[in-house]
Amino acid sequence: MRYGIFSDIHSNLEAFETVLEALKKEGIDKYFCVGDIVGYAANPKECIKIMQELNCPIVCGNHDWALIDWVDHTYFNPYAKAAVEWTKSQLNDSERNYLKDLPLIYEDEEITMVHGTLEKPEEFDYIFDESSALRTLDICRTKVCFIGHTHFPAEYSKGTKRLVNVGSVGQPRDGNPKAAYCIYDADKNTIEIKRVEYDIKATMNKILAAGLPNILAFRLVEGR
Numbered sequence: 001m002r003y004g005i006f007s008d009i010h011s012n013l014e015a016f017e018t019v020l021e022a023l024k025k026e027g028i029d030k031y032f033c034v035g036d037i038v039g040y041a042a043n044p045k046e047c048i049k050i051m052q053e054l055n056c057p058i059v060c061g062n063h064d065w066a067l068i069d070w071v072d073h074t075y076f077n078p079y080a081k082a083a084v085e086w087t088k089s090q091l092n093d094s095e096r097n098y099l100k101d102l103p104l105i106y107e108d109e110e111i112t113m114v115h116g117t118l119e120k121p122e123e124f125d126y127i128f129d130e131s132s133a134l135r136t137l138d139i140c141r142t143k144v145c146f147i148g149h150t151h152f153p154a155e156y157s158k159g160t161k162r163l164v165n166v167g168s169v170g171q172p173r174d175g176n177p178k179a180a181y182c183i184y185d186a187d188k189n190t191i192e193i194k195r196v197e198y199d200i201k202a203t204m205n206k207i208l209a210a211g212l213p214n215i216l217a218f219r220l221v222e223g224r
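Numbering-wise, the working numbering puts 177 at position 177 of the sequence shown, and it's gapless, one number per residue.
These aren't lab readings, by the way, just hints derived from the structure by calculation.
Even for Gly, the Cβ is constructed at its ideal location relative to N, Cα and C.
Keep in mind that a hint or two might mislead.
To be verified - DEER-style ranges, computed between Cβ atoms:
no. : residue 1 : residue 2 : range
1   : D29       : S89       : 35 to 45 Å
2   : T190      : D93       : 41 to 51 Å
3   : D129      : E109      : 21 to 31 Å
Could you put the whole structure together from the sequences, leaning on the hints where they help?
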């Protein structure tokens, strides 16, 4: 089985569609989403619709829950808060109910997914170092766990278990503006993070036209 795993779409339709096209060419058997469909960019409705059509395993992200007031977004930075409030005004009840139904953790025989950590998934803490990664690996019951949230691709391991941050589709922050996604080949036991260029200018123009904070557009160019 070949799995296509992606995270942190953040309403960036151009990046999302480009990643899905790239995954189609990879002969993917099943898709997985590690959360944060919405937030920051200007196409939340379209990105939710695509996720509904994919009908694949998905977990919630902090921005997904902020949209339904299940996460206190008062601690968000001013630009993220502005994006939450704008996105709230765009979604209908059906779309909000879809976000409400997203689980915190997904687990099957092969794969675990959580947006932040397995320790306290509802708090959406970040994994930026080995010590926090090892705490989640200690809890993980499968041989691989996929996370997102930081927008930085990374991999940690303990024994035969692996913890993989798949990076961000819609707002990379590792200095590389290309959209990130992951391919997991379960038969070969290989994991690969890939990057793909997308139409950043189109996404930027939509963000600016929507009246969202300018920084949310301009940061995409540098991948910060």
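Taking the hints in turn, this is what the structure says about them:
1. At about 38 Å, the CB distance of D29 to S89 agrees with the hint of 35 to 45 Å.
2. At about 42 Å, the beta-carbon gap between T190 and D93 stays in the expected band of 41 to 51 Å.
3. The hinted range of 21 to 31 Å is satisfied by D129 and E109, whose Cβ atoms lie roughly 29 Å apart.
In summary, this structure violates none of the numbered hints.
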